[in-house]
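In this text, residue positions in the sequence shown follow full-length UniProt numbering: the first is 1, and each later residue adds one.
Hints listed in this document are in silico derivations from the structure and should not be mistaken for laboratory results.
Just so we're clear, the structure is a prediction, and the values are computed from it rather than from any experiment.
Hints are not guaranteed to be accurate.
[Stated by the list, open to error] For each label pair, taking beta carbons as the anchor points, the in silico distance ranges come out as: (1) R638 <-> P688: 31 to 39 Å; (2) H220 <-> E194: 19 to 27 Å; (3) P523 <-> G400: 24 to 32 Å; (4) L534 <-> H643: 35 to 43 Å; (5) N567 <-> P308: 43 to 51 Å.
Just so it is clear, CB atoms sit at the ideal spot from N, CA and C, and this is done for glycine as well.
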Amino acid sequence: MEKSEGITIPHEKPWRYEEGEYTVTRGSAWSGPGCHLGCGVLMYTDKDGKLVKVEGDPENPMTDGRLCVRCLDMPEIVNHKDRLTYPMKRARADRGKNRWERVSWDEAYDIVEREFNAIKDKYGAESVVFIHGTGRDIAPWQSRLCWSFGSPNYGNVLSGNACYLPRVAGMAATTGSFWIADVAQHFPDRFDHEGWTMPEVMFVWGNNPLIANSDGFFGHWVIDLMKRGMKTVVIDPRVTFLAAKADLHLPIRPGTDAALALGMLNVIINEEIYDKDFVDCWCYGFDELKERVQEYPAGRVAEITWIPEDKIVRAARMLAAAKPATLQWGLAIDMTREAIPAGQAIATLFQITGNIDCPGGLVPPAEIMAYSGGWGRDLLPPEQEPKRLGLDRYRLLQMGFKQSSPDVLIETMETGVPYEIHGAHFQTTNGIACMGADPHRVYNAFNKCDFIVSVDLFMTPTIMALADVVLPAATFAERNGIRVGDGPQRGEVINKVTQIGECKSDMQINLELGKRFNPEAWPWEKPEEMFTELLKPTGYSWEELREEAPVYLPVEYYKYKTGKMRNDGQPGFQTATGRIELWSTFYNAAELDPLPYFEEPDPGPGSTPELFEQYPLVLTTGARNWSYFHSEHRQIERLRRMHPDPIVQVHPDKLAELGMEDGEWVWIENQNGRAKIKIESTPILTDPRIVACDHAWWRPEGDPEKFFDVFEYNINNLMVYSPGKSGFGSNYKTSICRLYKLEDGE
Numbered sequence: 001m002e003k004s005e006g007i008t009i010p011h012e013k014p015w016r017y018e019e020g021e022y023t024v025t026r027g028s029a030w031s032g033p034g035c036h037l038g039c040g041v042l043m044y045t046d047k048d049g050k051l052v053k054v055e056g057d058p059e060n061p062m063t064d065g066r067l068c069v070r071c072l073d074m075p076e077i078v079n080h081k082d083r084l085t086y087p088m089k090r091a092r093a094d095r096g097k098n099r100w101e102r103v104s105w106d107e108a109y110d111i112v113e114r115e116f117n118a119i120k121d122k123y124g125a126e127s128v129v130f131i132h133g134t135g136r137d138i139a140p141w142q143s144r145l146c147w148s149f150g151s152p153n154y155g156n157v158l159s160g161n162a163c164y165l166p167r168v169a170g171m172a173a174t175t176g177s178f179w180i181a182d183v184a185q186h187f188p189d190r191f192d193h194e195g196w197t198m199p200e201v202m203f204v205w206g207n208n209p210l211i212a213n214s215d216g217f218f219g220h221w222v223i224d225l226m227k228r229g230m231k232t233v234v235i236d237p238r239v240t241f242l243a244a245k246a247d248l249h250l251p252i253r254p255g256t257d258a259a260l261a262l263g264m265l266n267v268i269i270n271e272e273i274y275d276k277d278f279v280d281c282w283c284y285g286f287d288e289l290k291e292r293v294q295e296y297p298a299g300r301v302a303e304i305t306w307i308p309e310d311k312i313v314r315a316a317r318m319l320a321a322a323k324p325a326t327l328q329w330g331l332a333i334d335m336t337r338e339a340i341p342a343g344q345a346i347a348t349l350f351q352i353t354g355n356i357d358c359p360g361g362l363v364p365p366a367e368i369m370a371y372s373g374g375w376g377r378d379l380l381p382p383e384q385e386p387k388r389l390g391l392d393r394y395r396l397l398q399m400g401f402k403q404s405s406p407d408v409l410i411e412t413m414e415t416g417v418p419y420e421i422h423g424a425h426f427q428t429t430n431g432i433a434c435m436g437a438d439p440h441r442v443y444n445a446f447n448k449c450d451f452i453v454s455v456d457l458f459m460t461p462t463i464m465a466l467a468d469v470v471l472p473a474a475t476f477a478e479r480n481g482i483r484v485g486d487g488p489q490r491g492e493v494i495n496k497v498t499q500i501g502e503c504k505s506d507m508q509i510n511l512e513l514g515k516r517f518n519p520e521a522w523p524w525e526k527p528e529e530m531f532t533e534l535l536k537p538t539g540y541s542w543e544e545l546r547e548e549a550p551v552y553l554p555v556e557y558y559k560y561k562t563g564k565m566r567n568d569g570q571p572g573f574q575t576a577t578g579r580i581e582l583w584s585t586f587y588n589a590a591e592l593d594p595l596p597y598f599e600e601p602d603p604g605p606g607s608t609p610e611l612f613e614q615y616p617l618v619l620t621t622g623a624r625n626w627s628y629f630h631s632e633h634r635q636i637e638r639l640r641r642m643h644p645d646p647i648v649q650v651h652p653d654k655l656a657e658l659g660m661e662d663g664e665w666v667w668i669e670n671q672n673g674r675a676k677i678k679i680e681s682t683p684i685l686t687d688p689r690i691v692a693c694d695h696a697w698w699r700p701e702g703d704p705e706k707f708f709d710v711f712e713y714n715i716n717n718l719m720v721y722s723p724g725k726s727g728f729g730s731n732y733k734t735s736i737c738r739l740y741k742l743e744d745g746e
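Could you put together the complete structure from these sequences and hints?
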């Protein structure tokens, strides 16, 4: 597009200016450490270039100066004594031992180039896997490095790709696009924009957006709109702050979201309070959907979900009556085994009520690039694509989704079928502590590799256990960049203000490695030239954008009526039928059920009642807290004081029944394994049969050669690799367990 089509916001001050003894730089906090959002920050550096203070940018229209504690504490993080600040190596025989040797960048690159090319020459490029952690700004650079090397195996170690991708894949499969809540985030004047309408009701489903932010969504927007009169319905097993303030709270049994959505569909369809005109004109398969939901009357759904029947009916009627209504959903949907039909059922609620591509409803995000699809897919040699792990097992992976299957990866590493894996490139990922179900299995699988290189900010259990070469990554304060990610993409930049040791940005590391592996695929001399390449659709160079950022992409509504949702320019949606597919031709072609359905979590009270007698608590894990992002920040003193230990939240009545006390250390265990954890007594779990547990715990103060105690405290000891029928989704947030006391010496 031409630059004139974008919308810029004039600032009172330039992107960098002097304030007293400090230099102040405007930027975006998008990349490690921290979450996906890209908050607007002002970074203060002293005369020596040291980062001394971070504040929220009051001129940033997305955040209005708001900032969480992790960003506020960035000076402690950036300048921390335990940062990785130079490349290191150790002998393959010393893997797992704290025997690191400092090396130069050139020597580190020489080793990586030599080892990966040796594996490629002997076993094929597919024998090297490229693994990244939580999305942030890693995906484009890691995927390009993978595909330009010639490997089809790009992805992560999270069973079922159970983070964001199930929702992205599901929406793309049934509508041809991904959809997000429209809260005027794509307009510089936000809630005052004349073409925008405030949602009458927002469903906050499986997400606590004040702490855990998905889809480029800032939690304070919910409160802003509540103050303006928007109603909320919160679906969460806990009484969060938003649940306590909601017009309706549905305290759901973890893993039963699909049943709740189908029960609400039953009410809306049978009471004929759906949007008949929208369904008739723009939806396909309504009659089949109507028949399916008859299996889910509200009474039955109440028994499944542990939500009172009257609340289910009320929620359905609130949604149908609201014009418009919107949805902010989260990871809880992805982290059940049958995440695909669960997401389909939830999305269908908003589709048959006509809350699609309209002001205040659900809208497709404006994108500079298709973030979830990676960057540089054309670089992969055609003969390599059929070797992508999982492609022969999961049909959805054959239909446009580019990641390999983490579950098939682990299995392949163990068996050598269909081929052996000999090398791995880890990009800011701590899989043993965070993503990997059954972390012992992950460790044993990767420990068979001939060579592993890891890029990260701090020493982690995964690096200590597995890496042969370590490359030190930069924080967002130490690098330039662009904010291109999930949700509505905008032209926003990350500006370097300081330098710690020899650290380099992820993208600089990948550029320099890429030029060694495949120089034609990496023609740029510096990362800023790559940013300009990605920004071509906006008409800006990186340097030009820095002067004007943020720049908003143009947005319009009802594109399906004007042919702007389809490649052929015809009205409708980018699906085989040209309509929103309530009965999915895509799923049918992939040999999946074309309609949404509910399947009891396994194990669980409804599927394994005898096992549930032995492990009589429903376990949900992974709810975020203020001071950490996944496995990061555990060594940061100020943040650790806020949350010093891994906790399991238990209802006071259940504690009394178990004879346990608040603050007591216990074992949490199921049929798969156990972990050590500290009790937090709290009534926010409205059903005493449910407990909620921290994830991603390790102790940087622990013994490095015991991998910082990760196997002792990691709740993933209780999880297994077990994806849904589609290959997407896994039961991280729904399992069963029991609690029992530690014995002396434990």
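Would you pick out the hints that fail for this structure and give their numbers low to high? Hints that this structure does not satisfy do not exist here, as all of them hold.
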